[in-house]
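Undergrad: Given next are the chains, with one letter for each unit.
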Amino acid sequence: MHFADRLPLQSGVSLRDYSLKYETYGKLNADHSNAVLICHALNASHHVAGVYAGQAKSEGWWDNMIGPGKPLDTDHFFVIGVNNLGSCFGSTGPMHVNPDTGRIYGADFPVVTVEDWVNAQARLLDALGIETLAAVMGGSLGGMQALSWTLQYPSRVRHAIVVASAPNLTAENIAFNEVARRAITTDPDFHEGHFYAHGTVPKRGLRIARMIGHITYLSDDVMNEKFGRQLIAATQDGTQRDYFYSTLEAEFQIESYLRYQGDKFAEYFDANTYLLITRALDYFDPARTYGGDLSHALARATCKFLLVSFTTDWRFAPKRSREIVKALLDNRRDVSYAEIDAPHGHDAFLLDDARYTSVVRSYFDSVAQEVSA
Amino acid sequence: MTDQATKEAIAQLVPIGSRVLDLGCGDGAMLAYLQKTRQCTGYGVEIDDTNVLACVRHGVNVIQLNLDEGLALFGDASFDVVLQLDTLQHLRNAEVMLRETVRVGREGIVAFPNFAHWPNRLSIMRGRMPVTRRLPYQWYDTPNIRVGTHADLGALAMRSGLKVLDSFGLQEGMTVRTWPNLMAGTSVYRLSR
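Those protein sequences? They're chains A and B, same order as listed.
Going by the numbering used here, the residue at position 74 of the first sequence is 74; the numbering climbs one at a time, nothing skipped.
In short: position in the second sequence from 1, add 373, done, that's the numbering used here.
The shape of chain A in the complex, shown without the other chains:
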């Protein structure tokens, strides 16, 4: 959907003539009360559920959670997936032409924040004729957007489902983002962000960025269980082959796995988008304007909350979710909090775990009861 009006951004600049790519699932009911907005995290898109006809492996990124008969049941809810500004999956981003200069944005694409995204999403809802959301839901960075919705548009949200998220990033988290960004920006193919004009892609940087990211999404236990110290090209009969005694060749399965993930990612993801989205993560901090007092910051939120975290998630650890819970408790808000003892680290929010999906299902069942058919 195209938007001609300028969108003022937190940084002081604005975007004009931008478009937002979105998908919807299910039917909007007569009084427009059954809409649920899904906010995506770092490398996802508007394609949250379902498959594209004739396209193998085209399941939406949250297809296990959203669809007919699924925990977020599209037989009851009208679900909206939207791609954020600055992303590389169809909405206006750094690979598009800046209408003010006629040149591709590249590194000149303005820095966008979680708050900016939420403002853009609100305009999309305006255009779709949806005043109030039955719920807004997201995991990780998507959870930050869901939380931000309850602060920026408290009267437009009845429920917020915030999964594996945090009220801001820790220094360690920013550090990981910075390593990923430096990998990209120091790639000779990056050309200060204007690599499109040079016909190059900073794939080396993107690969490293993805590799380090991937490590932080898994847990030590899962990595050991999945790969352990297994060598690549192990012998068929199960006996250990000798080491390659090489510093350059991939020796262990985990190396090969990370290289594969990095290669795959570098094929489809945009380097400037990676910088923009990690920066949006870094900047998110609703308590900042309240002297770091999250309880004070969350006083504006009036909706009901479900928070979920995963015990082995060290990138967005349970204690960060508990900070949000505490701030909501301080404000006497309706909140439920499930801490799922899942082994999969941060990635758990995208995976199937009956304890997790059942809680989400039950929560949406109760939301559905408030919504007319």
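Since the hints were made in silico from the structure, they are not lab data.
Warning: the hint list may mix true and false statements.
[Claimed, not checked] DMTMM-like, lysine to aspartate or glutamate: derived pairs with alpha carbons at most 20 Å apart: (1) A/K27 x A/D75; (2) B/K380 x B/D453; (3) A/K264 x A/D282; (4) A/K319 x B/D453; (5) A/K226 x A/D353; (6) A/K57 x A/D352; (7) B/K409 x A/D334; (8) A/K27 x A/E131; (9) A/K21 x A/D5; (10) A/K226 x A/D341; (11) A/K319 x A/E115; (12) A/K319 x B/D441; (13) A/K70 x A/D334; (14) A/K70 x A/E23; (15) B/K409 x A/E23; (16) A/K319 x B/E442; (17) B/K409 x B/D453; (18) A/K319 x B/D422.
Given the coordinates of chain A, work out where chain B should sit on it, guided by the hints.
TA: Same frame as chain A, now just chain B:
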């Protein structure tokens, strides 16, 4: 604590419209009952996944938390009533939790199995640990890591400097005020700072 009569007897102690924190709230039935019949609001605290799910199904706010990690999430006097129903006997830090209960709530209502109830005494006299409807577990396989009596809880409350607003026994949902330490399967204390 599952039988209806006991639930109703405890519910009677909770003032209408109270803000309630139910520690070890199980499937949320008590809170759901208080919300429905006494216009209460509040939260349950549970560690068990199945119970957390049941609470969400019951439409009860639930916070999944290990009570042995304390109540740091909850501010001083942020609740009218804090319930600790059949919870104390499962806690490693029972004494700390008793103090936390009256820190977080203006009033704490603690109920737990009274080990000095006469059938239990009889069993001990015969030389065996009691296995009853109220204490259905074998000694080697029990979640009740703290066994105490009605009188013990009174002594602990005094030692911890808590005010006992009221104490009595419950047996088959009936209040027992005569020799509760002997005559009641369940001990109930209303405590405050």
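Undergrad: The structure should be examined with respect to each hint, and the outcome stated for every one.
TA: Hints versus structure:
1. A/K27 x A/D75: With a Cα-Cα distance of about 8 Å, the restraint between A/K27 and A/D75 holds, given a limit of 20 Å.
2. B/K380 x B/D453: The given pair, whose Cα atoms are some 18 Å apart, holds under the 20 Å limit.
3. A/K264 x A/D282: Not satisfied, since the Cα-Cα distance of roughly 25 Å exceeds 20 Å.
4. A/K319 x B/D453: violated, 26 Å
5. A/K226 x A/D353: It holds: about 18 Å lies between the C-alpha atoms, which stays within 20 Å.
6. A/K57 x A/D352: holds, 17 Å
7. B/K409 x A/D334: Status holds; Cα separation ~16 Å.
8. A/K27 x A/E131: Within the cut-off at roughly 16 Å; holds.
9. A/K21 x A/D5: holds, 16 Å
10. A/K226 x A/D341: holds, 18 Å
11. A/K319 x A/E115: Distance of about 23 Å is beyond 20 Å: violated.
12. A/K319 x B/D441: holds, 16 Å
13. A/K70 x A/D334: Violated, at roughly 24 Å.
14. A/K70 x A/E23: holds, 17 Å
15. B/K409 x A/E23: Violated. B/K409 to A/E23 sits at ~40 Å, over the 20 Å cutoff.
16. A/K319 x B/E442: holds, 12 Å
17. B/K409 x B/D453: holds, 17 Å
18. A/K319 x B/D422: Roughly 18 Å separates the two Cα atoms, so the pair holds.
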